Each structure stands twice: as structure tokens, then as C-alpha cells.
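**Student:** Take a look at the letters that make up each chain.
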Amino acid sequence: MTVRSTFQRIEQFLFYQESDRWVSVLRIGLGLQVIFLSLALRRDWTYLLSSGGRALISRDLTEAALNAESPFIPRLGWLIEVGNHFGVPESITLWLTWLFLILAGCLLVVGLFSRIAAILAWFLYLCVVRSVGYFSYGVDNLTIIGLFYLMIAPLGDRMSLDSILWHRSSNRDLLPFFRRILQIHLCLIYFFSGISKLAGIGWWNGASLWRALTVPPFHFVNPELVVRWKMLLPAAGLAICALELFYPIFIWLRPTRTFWLVSICTMHLMIGLTMGMFLFAFIMIVLNLAAFATFESFTRRLRAPPVSAILQY
Amino acid sequence: MSQAGRLKRYRYLIGFALAHLLLILTVCLRDTFTTFALAPTIFPIASKPFWNDAAAAASFVLGEDLQLGNPARNLVTSYLNAAGIEAGYGFFSPNVPSNYKLVFELHYPDSRTEYELPHVADAATAFRLESLLDRIAEVSYEPMRQTMFQMLTYPVWQRHPDAISVRAVLGYVVWPSPEQFQRGEKETFEPVYAYDFDLRPSVPATARP
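Heads up: the protein sequence lines correspond to chains A and B, in order.
If you're matching positions, the first sequence starts at 1 in our numbering and goes up one per residue.
If you're matching positions, the second sequence starts at 1001 in our numbering and goes up one per residue.
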């Protein structure tokens, strides 16, 4: 293979004809995710994010640890300082942050001022997650990943109000390029998740799945029901590992893509339903659909004339 | 625009994407090797030094060997945090760990004892509390852990101002296997750290790991 043909292959991989539907899915999905996450934290918002003795773990402690890592990582302390400068108390700044997160989420869902909304949602959510520190878990990082890609992706998809009102359209050259980055990132996520699980004996003998389904706070299914199906636990555990480990191979192959995508989304749906991790399930499904779903056939079906119209002729 | 034109036009963007993906790969390798080095896995014990060295090599690539405050280290750390890629993806691996539980034992002047669990308002925060307890258990710097226990105990004391002392006990819950569960065995609580806080002024906290 010559250098020229290698470059051609790279070009074909990075720049091909791509619909902007994946941006719509990512934008709407992340908008909803930001709204859901903010609403889910509504009652504990100041309890988790305040400084001093008003919080469960003071934000001062978390941000001091963050400062040791790097002083340039965004945090709520910056916003609080700006608020203090204008005489706005901490609690008001915290609630304004919450309100702006909801607003950014709503703007993303409808696609109005998409770029500003994406930057605002990313920055505010990043500040919250870094300041909440010890309380953060997987869903937060995956949401930040999604918001980061959304912020730099070509926005202005046909389903957005930006496109409808002001005829702003996506840079079509870059649509496939940014989708490729998201696709490769997801492949790395699943491969390393799968290989780490396979290294543990618990995923071979079903013990890990048993614990995942029954240990609080993930115990959404009655353990009596799980124990009745215990013979299936080792096979189910290995199936999960295989689904993740081989994701980077079978998601790229056209004959297996739909099966793998549906399987992985079903797995996340089941995680949501059986372990109560609804927001984790939602963000993973959104990222998967944005990265690998094929929208052409779906769009064609939507545009097809209704059956009654066909029957008239 | 021709494809060759696109490659030339977007060469900086392609370079950024390559660097971004290489960072993700390095972080994933670091965390996976660390997991293999520290947690019980199917690999032989003799391989632990290899995984340790591999994790150290990945950390070196990420600039973690540089001094705190080094601009290059700050730059990489800040970018990883901003992009949400500072941690790997070993969710529930290599095994699903024991879950930690924090119990407050409240003592009253009339020798009465009450027990309480950390209080959060939303179900979604329960997952975050779980994450917090896992991280407290991993804190190796004793004064830091004690400060965190103090912070967690403070709202409990506010809700029970008549208590004279609080013992905060962090432990892990040993969950029965399916067979043990069928035999009717229940989970057991294994204390790991305990801190006594005398709520009278000027009495220091004592730790009992």
C-alpha cells in the first residue's frame, strides 16, 4: 500500500457523506440529560455544593484538593467569587447556576442558540462536577464527555430552531469527522470496560452480576427473583463482558452493527431498570445512538407517503 | 472541496483529534494496569510488578511524575478534566466491590443510644453518597479522612443537639452469595474506621481504625 493510498483511506474514513441527525440526537439527548441531572439534585443542591458547615462535605475541601491537581480546572468557587464581588451571596449564586443549567438544557433541546447553550451547559456542569468532587460518579464524566463533543461539534442541524429561524446550517465537512472521534471514544470505553471486567473472577462465575443486582443502593430487583435465576448469572456476566470487549469490532461491521447497537442499548436499558441508574443508562444510550445509529432509513420512512395515500392509487 | 484539500485544511483539527484520542488511550491504560496491579484478578500474583510498571509508564506519559504546579502537568490535567477524560472506564471491574456503609451512633446524657444513617433528600443522591463512602475508605491521609468524618457528623449533631457524643463507623457490607442467601443468611457489617466525636467543647476526636 502506497503512502498516497493510505492518505486516501484516512480521508475517506474521516470525510464522507454524513447526515446531521447524529448531532440532533446528541444535542437533544444531552439537553434532556442536563435537565434530568439538575432536577434530580434539586433538593440536595446546596447541601452538596455549599462551603463551610452547611454542606455534607464542604466545597472548600473538595476545591482545595482540586487546586492541588491544577489551579486551572473550572470550579464553582470561581463563580461564587464573581458573585461575591457583586455582593451576591453564595446560596443565590448556587441557585443561579442551577437555573442556568436548566435553561441551557432547554435551549439545547429546542436547538436555540445551540453553541452558546452547549458551552454554557458544559462549563456549568463541569464546575458543578469538579466542585462536588467526592460525590461524582460515572454518569458525570460521561455527561461532560458528551457536552465537550457537543460544544466543538458542527451545530445548526436541520431539527434545531437555529436552522429553522436563521437558516444556520452545520459545516457538512466536519460532521463525519466529529462523529468519528465520538465513535472511537466509545470503542475505547467499551473495550477497556470489558477487559477490566474479564480480569475479575466475579464476572466469570456470576458473583459480580449477583452483587450488582442485589447490593444496596442498586437493589431495584427482589433478590428472591434474582436467586431463582442464579444458573443464568455466569452466562449473563460473560455475555456483558463479550458485548463490551468486542464492541470495537462488531459495531464497525455492517452486518453486525444493528445487532450490536441494539444489544448494547438493551444492556444499558436493563442497567437502568434493574439497578435504578436511569441517568447513566440514558446518557449511554444517547452517546451510542449519536455515534452509531443509522438515520437514513428512519428518515426515509418518515418521509414516505402514508399507507392510505398509497392505497388510494 | 477535494478530499486532499480537506485533509490539508483540517490538519490542525486532525492533530488535535489524534492527541485527544491518544490521551484517552493512555488514561484507559493507566487505570486498567492499576486495576490489574492492585485488585484480585485472574492474572497470577507474579504479574503484579509488571502491571505496576506498566501503570507507572502510562502515568509518566501523562506527566504525573512532574512536580505539582509544573505548567505542563497543569495543562494536561486541566485538559483531561475539562474533556471529562481524566479517569478510565473500569465500571464494576474487575469485580463488583463491597459497598460501604456509614453508621452514626449517638450517645445521650441518660445513657440512651440511637443509630442514624447519613441523610439525603433525593434518591439520585444516594448513588453519590455511595461514591463518597467508597472514596473515604480509599483516603490514606489520616487527617483528611478525619476531617471528612467530622464534616459528615456535623449535620447529624445539628439534628440531635442534645447528644453528648457521636461515634461515626465506616464499614463494608459483606453480602451473602446466592447459595448463602437461599439458606437465609443475611449481610454482615465489618467496621473499618471509627471516629468518636465528643460534642463537648475542646475534646479532640479519636480514631479507631
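Simulated from the structure, these hints should not be mistaken for laboratory data.
It cannot be assumed that every hint is accurate.
Just a few of them, taken from the derived set where beta-carbon distance is under 8 Å, the chain A residues facing chain B [said to hold, decoys possible]:
| no. | residue |
| --- | --- |
| 1 | S5 |
| 2 | R9 |
| 3 | F13 |
| 4 | Q17 |
| 5 | E18 |
| 6 | R21 |
| 7 | S70 |
| 8 | F72 |
| 9 | Y134 |
| 10 | C187 |
| 11 | A207 |
| 12 | W210 |
| 13 | A235 |
The model shown is predicted, which means the values in this text are computed figures rather than measured ones.
Glycine is no exception: its CB is placed at the ideal position from the N, C-alpha and C atoms.
**Student:** The structure should be examined with respect to each hint, and the outcome stated for every one.
**Tutor:** Against the structure, the hints come out as follows:
A cut of 8 Å between beta carbons decides the hint on S5 (chain A): the least distance to chain B is about 12 Å, and the hint is violated. Because the beta carbon of R9 (chain A) sits about 10 Å from the nearest beta carbon in chain B, more than 8 Å, this interface hint is broken. Because the smallest distance between the Cβ of F13 (chain A) and any Cβ of chain B comes to about 10 Å, over 8 Å, the interface hint for this residue is violated. Annotation: Q17 (chain A) was flagged as interfacial toward chain B, and the flag is violated, the nearest CB pair being 12 Å apart, outside 8 Å.
For E18 (chain A), the suggested interface contact is broken, since its CB lies about 13 Å from the closest CB of chain B, more than 8 Å. Because the smallest distance between the Cβ of R21 (chain A) and any Cβ of chain B comes to about 21 Å, over 8 Å, the interface hint for this residue is violated. Given the 8 Å rule on beta carbons, the hint for S70 (chain A) holds: about 4 Å separates it from the nearest Cβ of chain B. Taken as an interface hint, F72 (chain A) checks out: its beta carbon lies about 4 Å from the nearest beta carbon of chain B, inside 8 Å.
Using the Cβ-Cβ criterion of 8 Å, the hint placing Y134 (chain A) at the interface with chain B is satisfied: the shortest such distance is roughly 5 Å. Annotation: interface hint on C187 (chain A) violated; nearest CB of chain B at approximately 10 Å, more than 8 Å. Interface hint at A207 (chain A): satisfied, since its Cβ lies 7 Å from the closest Cβ of chain B, which is below the 8 Å cut-off. Because the beta carbon of W210 (chain A) sits about 6 Å from the nearest beta carbon in chain B, less than 8 Å, this interface hint is met.
The criterion of a C-beta within 8 Å of any C-beta in chain B is not met by A235 (chain A), whose closest approach is roughly 14 Å, and the hint is violated.
Violation of the numbered hints given earlier is confined to hints 1, 2, 3, 4, 5, 6, 10 and 13; the remaining hints are satisfied by the structure.
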